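Q: Here is how the chains run, residue by residue.
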Amino acid sequence: MGIIKTDRLVFEYTRRDEENQIEEVMRAIDGVSLDIKEGQFVAILGRNGSGKSTLAKHMNALLFPTDGVIWVGEKDTRKEENLWDIRQTAGMVFQNPDNQIIATVVEEDVGFGPENMGVPSAEIWKRVQESLEAVGMTAYRKASPNHLSGGQKQRVAIAGVMAMRPRCIVLDEPTAMLDPNGRKEVIRTIRELNRAEGITVILITHYMEETVSADRIFVMDGGEIQMEGTPREIFSRVKELKALHLDVPQVTELGALLASGGLPVASGILTVKELVEELEKARESGARVSYTGASGDKRAEAVSLDKEPVLELREVTYKYGTGTPMEVKVLKGISFAVPKGQFLSIIGHTGSGKSTLIQHLNGLLKADSGDVLFHGESIYRDGYDKKALRGKVGLVFQYPEHQLFEEDVFTDVCFGPKNQGLSKEQAEERAKEALRLVGMDSSFYRRSPFELSGGQKRRAAIAGVLAMEPEVLILDEPTAGLDPGGRDEILDQVEKLHEEKGMAVVLVSHSMEDVARYAERLIVLDRGTIAYDGAPKEVFRHYRDLETMGLSAPQVTYLAEELRKIGFSLGGDITTVEEAKSAILREFAGAEGEEDAGTAGD
Amino acid sequence: MLRDITLGQYYPVASPVHRLDPRTKLMGTLVFLISLFVSDGWPCYLLATVFLAACIKISRVPIGFIFRGLKAVIFLLLFSVVFNIFLTDGDVLVRFWIFKITKQGLIQAGYMAIRLIYLIMGSSLMTFTTTPTSLTDGLERGLGFLKAVKVPVHEIAMMMSIALRFIPILTEEADKIMKAQMARGADFESGSLIKRAKSLIPLLVPLFISAFRRATDLAMAMEARCYHGGEGRTKMFPLKYAGRDAAAYLILAAYLGAVIALKVIF
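For the record, the sequence lines run as chains U and G. For the first sequence, the residue numbers in our numbering are 1 to 602. For the second sequence, the residue numbers in our numbering are 603 to 868.
Hints are computed from structural coordinates only; laboratory data are not their basis. Small disclaimer: the values here were computed from a predicted structure and weren't measured. Any given hint could turn out to be false.
What the hints assert, rightly or not - Listed below are the simulated DSS-like cross-link pairs for lysine-lysine, each with C-alpha atoms no more than 25 Å apart in a straight line:
id, chain 1, residue 1, chain 2, residue 2
1, G, Lys800, U, Lys386
2, G, Lys781, U, Lys457
3, G, Lys837, U, Lys126
4, G, Lys752, G, Lys837
5, G, Lys781, U, Lys319
6, U, Lys340, U, Lys392
7, U, Lys329, G, Lys778
8, G, Lys797, U, Lys387
9, G, Lys842, U, Lys126
10, U, Lys273, U, Lys242
For reference, chain U alone in the conformation it holds in the complex:
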């Protein structure tokens, strides 16, 4: 028996109405049997609501099976006397870094578990020291958790679990709320713990790239285990994964596309290096394909700026904590214009000033110096109607579902238009249209926003801003915390709005893959200044510079670079999977193809 074993595990959530009558029984886990060996790195993948978090909570005896058995460290969780043993055997790290840190100083928080277990003080000290070292947070032991980044907070949470000396750590979507660097930081830490300390790691996630180095992957959906195998076995089933709302790394997807295009590429490609090797082999073996497809190169090489600007920033500067010793210059002279109907993306490392910047666009923050113009008129003019401006420049904050407050979705969406002073009928008209735009039909109108799924809540919240009929729609990380399926849904809807309504879109994002796919123009913010401003293709040419700013380019851009090193010509800049596919296939398509590639690359 492994360290964690389940036998036909079933768990049902029971919803009761006010009279305590059973209203609905939902089966979150439906007959899961698995066996996890000590020392392994296991990943459990699944979309939001697939039952993976419920399963994780069973491993820590936070939930108990409705039917079936789960043994943790060979102990049955249903026996009450095993409870504390089980929680010490399998430590648990949760999704939200803020909601699992109890103390106000890092070291005190790490000591919390051992304190509860009744470990003597001197021993607690030793454990705190060792755990902080293991996650590389020793330098912050006296710091307040409020001053740490998301990735650092998660490392503290991991240290807090390590201090309990568990044999196994269960991490329930530990990276869902982090930026890409925080994500890497956390994954590196847990891999290191697994390798160096031999701790069993169970990582629950919906990011496929985090599972590449796992020993074993389980894919869950609808409360059942749908797939099980090594990363290579799982990653070779691209189509099935997509059907389960999951996503594979760009190179895996590209490998599958190339194989179906006729190239001898093995299935289940995990890294850039592997795909490069495969293509090198294919070239040496003289593989040829017939490919007459378009260049796949729909995106412009440069940004057109001839449209009249809707919004314009001129030399905007902004400081936080003016007059205190902690004064920070967040924006240092930002100038750019948003032309009518443009899809603009702002990228930047956490702390580069993105969120501060977008709050200037609708006058929520006032610049210390410089000017913001809306249709050529300064919004800082005396008596300027800021409320009207906020209707025209719609701002969707990060996690917008946290601002829902009305009894039902429809009333909530009416809130914006009503504030604009519209009549009830007009407001309702607007709300209907906005909900249609985000793909929510009348069956949602009277439902409480709090009983919707994560993705639906977010769409309702976005509709709340759309109902004001903005000319410019600003979205701050609209896909944060969503699974890949939910992410695509939101971004496709935004793209549709942009195309159908001619709405200018400002998308703040951490995902280079997303901005490469959707944006016409990229602005790269670095420590309060604009580092680059241009078409995604232009900007990603500077990927080495981007790396020094804590950013990166899409994975396929790196692949193209590696391929060029070994003599592939690959015309044009490559920033999306489609572009990479057609460039590579053209390369293998022989003479006519080469010509094609030559012209496309100019």
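Dock chain G against chain U, hints included.
A: Frame of chain U; chain G shown alone:
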């Protein structure tokens, strides 16, 4: 205004005041409060000023930080000053309509203001120099005798420390929700009192929901880390009095004695 609440924020520097046992600091704050209320006449207040200034100096907390805590109570302060000015009987200095300002009123108001300001400054100094955890540890141990009469001292202390940890988080959250609703055209600043109270609904509902969500999460995280009440718990920093605490108690006793002496003499 929410951002001005500095009470409950720790200022991390190393100083002799920071190193004192939290029980000593709690007692010190209590003694200082008592001294403010027994004080009468300027010599007493002068001594209190010197004492407070010395403590702040030794604590190495920037004075600006301590003053900032006053912003949150400015209304209370004005209120009590105005009341004292107008409602104290004595030698009338100015009289208009039904109001009169007396000499005693002015003095009384001045003293009241000083008392309140020092009270806030003194207690903020304590929270600035004591981590919430050790503060609650101090309370838990200092009030431990109440356990005998079935007061859940440990639970109260734990609740306090969690509240202190989440004050800044929820403050930030409130700020975020407020901005998000303003982006949807909400107006928190104008209109009648009733309208303004009503305009708080879009802020308060999401804030409470968020607080409940965080509470559920936190409870689960605590359980996962084997929290099961104060029973059988050990401490990473068991409270132990040191030599400097004895010295601090001596100074406190001397200070209180001096204040009483000054009150009697003048």
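Q: A separate judgement is required for each hint: does it hold in the structure or not?
A: Hint check:
Between Lys800 (chain G) and Lys386 (chain U), the direct Cα distance comes to roughly 21 Å. Compliance with the 25 Å bound is thereby established for this hinted pair. Distance hint between Lys781 (chain G) and Lys457 (chain U) is fulfilled; the C-alpha atoms sit about 19 Å from each other, no more than 25 Å. Our distance criterion of 25 Å between C-alpha atoms is met by Lys837 (chain G) and Lys126 (chain U), whose separation comes to about 13 Å. As the CA atoms of Lys752 (chain G) and Lys837 (chain G) are separated by approximately 22 Å, the hinted pair is consistent with the 25 Å bound.
Between the alpha carbons of Lys781 (chain G) and Lys319 (chain U) the distance comes to roughly 18 Å, so the proposed pair stays at or under 25 Å and holds. Among the hinted pairs, Lys340 (chain U) with Lys392 (chain U) is consistent with the structure: their alpha-carbon atoms are about 12 Å apart, no more than 25 Å. Under the criterion of a C-alpha separation no larger than 25 Å, the hint pairing Lys329 (chain U) with Lys778 (chain G) is consistent with the structure, at around 20 Å. For the suggested pair Lys797 (chain G) and Lys387 (chain U), the alpha carbons sit about 17 Å apart, so the restraint of at most 25 Å is met.
Of the pairs offered as hints, the one joining Lys842 (chain G) and Lys126 (chain U) holds, with about 19 Å between alpha carbons and a cut-off of 25 Å not exceeded. Proximity of Lys273 (chain U) to Lys242 (chain U) is assessed by CA-CA distance (about 23 Å); at most 25 Å being required, the pair is judged to hold.
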